Amino acid sequence: MKYDRRSFVRTGGLSLAFAGLVPAFIQSCTGKGTENTVLEDLTRDVQPLADQDYMARQEKVRGLMAKQKIDALWIEGGTNMKYFFDVSWWSSERVFGVVFPLSGDPVWVSPGFEAPRAAEVIRFGDDIRTWEEHESPYVLLKDVFKSLATPVKRIAIDPNVRNFVVEGIRKQASQELVDGSGIIDPCRGIKTEKELSYMELANRITKKAYQWAFSQVEPGMTPQDLRALISTGHENLGATGEGWPLF
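Numbering (the numbering used here), first residue to last: 1 to 247.
A few of these clues could be false.
Stated by the list, open to error - Heads up, simulated DSS-like pairs for lysine-lysine below, C-alpha to C-alpha not over 27 angstroms straight-line: (1) 194 - 60; (2) 82 - 194; (3) 153 - 208; (4) 207 - 153; (5) 207 - 191; (6) 208 - 194; (7) 82 - 146; (8) 146 - 69; (9) 191 - 67; (10) 142 - 191; (11) 60 - 191; (12) 207 - 67; (13) 153 - 67; (14) 142 - 207; (15) 69 - 153; (16) 67 - 194; (17) 142 - 171; (18) 153 - 60; (19) 142 - 153; (20) 67 - 82; (21) 171 - 207; (22) 194 - 146; (23) 207 - 194; (24) 171 - 191; (25) 191 - 208; (26) 171 - 194; (27) 69 - 208; (28) 207 - 60; (29) 69 - 191; (30) 153 - 171.
In case anyone wonders, no lab produced these hints; they're calculated from the structure.
All values reported here derive from a predicted model rather than from experimental measurement.
Between the sequences and the hints, there should be enough to build the whole structure, so can you do that?
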């Protein structure tokens, strides 16, 4: 099984964006002695996230919701949906997301024609409520909030939710809408040992892939050639990844 290098980093919730470290990183990748290195799959013993890991994340955000007197959290397709529910969903003009209540199971909101696909990928909760093309998803959301077991007075909005969706909810919902950063960021900012191990592995794979690729460079190679070597290095190490060399 090949792992996307970025997925390790997303799992931990960080990116490699420290520009000040790039020169040192490149220098460390140009050492000699790696020309004949045999790259081995470093991901073969990786334990993927289990249901318990996602449920622990959900309970953590629920604890913060309780402390901040938030009754429900709305999350759209994106990195936060992946982080808490392991659902990868590309955001479009059609509203798709999940209402995560302070108590009870998640309620999913989906375009009607997407419901079969949604049912296939959703792992947590089986309540999928749909809206049709001639209907408003925001009216449906209003009804969802009203139907929850616990009365909803404050709704936290995933900070990645697009503005037109926020405004659509605001026009229909009578509840107070608040920024969800205060409950999402603490969850994602403090890593578990498992998440830290993924991040460390992603860094090791990246460095080894670059070391090996640079050791194969020969006169006359193009940037595309080096990019292909970097990609091959990642693949041999059990992940997918690439570089964008410019010279």
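Report task. Please work out if residue 207 and residue 67 have their alpha carbons no farther apart than 27 angstroms. Result -> violated, 41 angstroms
Query raised in the report: Regarding the pair residue 191 and residue 208, is the alpha-carbon distance no greater than 27 angstroms?
Result: Cα-Cα ~24 angstroms, so holds.
Requested in this report: Below or equal to 27 angstroms on CA atoms is what counts here, so check residue 153 against residue 208.
Outcome: Roughly 51 angstroms separates the two Cα atoms, so the pair is violated.
Query - Pair hint outcome, residue 171 versus residue 207 [Cα-Cα no greater than 27 angstroms] - result: violated, 50 angstroms
Query raised in the report: Quick one, are residue 69 and residue 208 close enough, alpha carbons at most 27 angstroms?
Result: Violated, at roughly 47 angstroms.
Query - residue 208 paired with residue 194 [C-alpha distance capped at 27 angstroms] - result: holds, 21 angstroms
Query raised in the report: Is it true that the CA of residue 171 sits at most 27 angstroms from the CA of residue 194?
Result: Cα-Cα ~41 angstroms, so violated.
Query raised in the report: Keeping to a limit of 27 angstroms between CA atoms, is the pair of residue 69 and residue 191 held or broken?
Result: Within the cut-off at roughly 24 angstroms; holds.
**Report entry** Pair hint outcome, residue 191 versus residue 67 [Cα-Cα no greater than 27 angstroms]
**Finding:** holds, 20 angstroms
Report task. Mind checking the alpha carbons of residue 207 and residue 191 for me, to see if they're no more than 27 angstroms apart? Result -> Status holds; Cα separation ~22 angstroms.
Report task. Starting from residue 171, check that the Cα of residue 191 is at most 27 angstroms away, please. Result -> Violated - the C-alpha atoms of residue 191 and residue 171 are around 37 angstroms apart, more than 27 angstroms.
Query raised in the report: Holds or violated: residue 67 with residue 82, Cα cutoff 27 angstroms?
Result: holds, 24 angstroms
Checked against the numbered hints above, the structure violates hints 3, 4, 10, 12, 14, 21, 22, 24, 26, 27 and 28; every other hint is satisfied.
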